[in-house]
Amino acid sequence: MAQEALHAAGSVSLWDLFWQAGFIVKLVMIGLLVASIWSWAIIIDKIMRYGAFRRQLNKFESHFWSGQSLEELYHTLSERRTSGMGALFVAAMREWKKSFEKGARSPIGLQQRIEKAMDVTLAREMDSLESRLGFLATVGSAAPFVGLFGTVIGIMTSFQAIAGSQQTSLAVVAPGIAEALLATAIGLVAAIPAVVAYNKLSSDAGKLGMRLEAFADEFSAILSRQIDEKLTQQR
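Numbering (the UniProt record's numbering), first residue to last: 1 to 235.
Calculated directly from the structure, the hints in this document are not laboratory data.
Because the structure is a prediction, the values reported are computed rather than measured.
Glycine residues also receive a C-beta, built at the ideal position from the N, C-alpha and C atoms.
One should not assume that every hint holds.
Pairs of lysine-lysine, DSS-like flavour, derived with a Cα cap of 30 Å [as the list claims (entries may be wrong)]:
{"hint": "1", "residue 1": "K98", "residue 2": "K116"}
{"hint": "2", "residue 1": "K207", "residue 2": "K59"}
{"hint": "3", "residue 1": "K59", "residue 2": "K116"}
{"hint": "4", "residue 1": "K97", "residue 2": "K116"}
Taking CB as the label site, the calculated pair distances span [stated by the list, open to error]:
{"hint": "5", "residue 1": "F159", "residue 2": "R49", "range": "47 to 55 Å"}
{"hint": "6", "residue 1": "D228", "residue 2": "D45", "range": "40 to 48 Å"}
{"hint": "7", "residue 1": "V152", "residue 2": "S220", "range": "53 to 61 Å"}
{"hint": "8", "residue 1": "A185", "residue 2": "K98", "range": "55 to 63 Å"}
{"hint": "9", "residue 1": "V120", "residue 2": "A41", "range": "25 to 33 Å"}
{"hint": "10", "residue 1": "A41", "residue 2": "S203", "range": "14 to 22 Å"}
{"hint": "11", "residue 1": "R94", "residue 2": "N199", "range": "34 to 42 Å"}
{"hint": "12", "residue 1": "I30", "residue 2": "I222", "range": "50 to 58 Å"}
{"hint": "13", "residue 1": "F135", "residue 2": "A221", "range": "31 to 39 Å"}
{"hint": "14", "residue 1": "R124", "residue 2": "M48", "range": "14 to 22 Å"}
{"hint": "15", "residue 1": "A52", "residue 2": "S141", "range": "24 to 32 Å"}
{"hint": "16", "residue 1": "R81", "residue 2": "I44", "range": "17 to 25 Å"}
{"hint": "17", "residue 1": "I30", "residue 2": "A214", "range": "43 to 51 Å"}
Build out the structure end to end from the sequences listed, making use of the hints.
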C-alpha cells in the first residue's frame, strides 16, 4: 500500500501540484514566479548595460588621451546625449566656459564650481548604474521567507484535511506536503540567482564608479592647471 502511494505521489507533476494548491499558496507561488522573471529581466538588462558602459568608457578614454584638444572634444560631445566619463567631461567644460565667459577671477571658486558640477553628474551616473539593484536584494532576502510562508499555509491546510478525513496514510499526506514544499522551492529558485546577481552587479557598478571618480579627479587636476595658466595670462 505504501509503495503504491509513493508511485501515485511520484506521478504528480509540478503543474498538478500547483493547481491542487490552495488559493493563498497559489498566490504565493505566482508572486514568486513573477519576482523571479522580473529579476532575470533586470539581470540580463544590467549585464548588457554594464558591458556597453565599459566599452563607452574605453572609447572615451582613447579619444581623451589621443591628443585631441579639449575644445574640439567638448564641441563634439556637447551636441549629443552623453553618459559616463563623457557626461562628467561635458559638465566640467560647460562650467569652465560659462565661468570664463562671465569673467571669472577666483581660481578657487571656479575650481569648486567645476568639482561640484562633476559631483552632481557623478551621483546621477551612479544612480543610473545602481538602479533596480535594490529589487534584486529584496527578492534575494525576502523570497525564501515568502516561500516558507506558503509552505506553512499549505502544511496547515494539509493537516486540516487529514483531521477531516481521519486518515494518515501516505497517499493522503504526501500530495498536500508536496504542494506546500513547492512554494519553498520556488522561493529558493527566485532568491538564489537574485542574491548571486546582486553581489556581482553591485561589485561591477562599484568598479565602474571608481573609474568615473578617478577620471573626475584627474580631469579636475588638469583643469586646475589650466585655470592657473589662463588667469596668469589674463593678469
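- What are the numbers of the hints the structure violates, in ascending order? Per hint list: zero violations.
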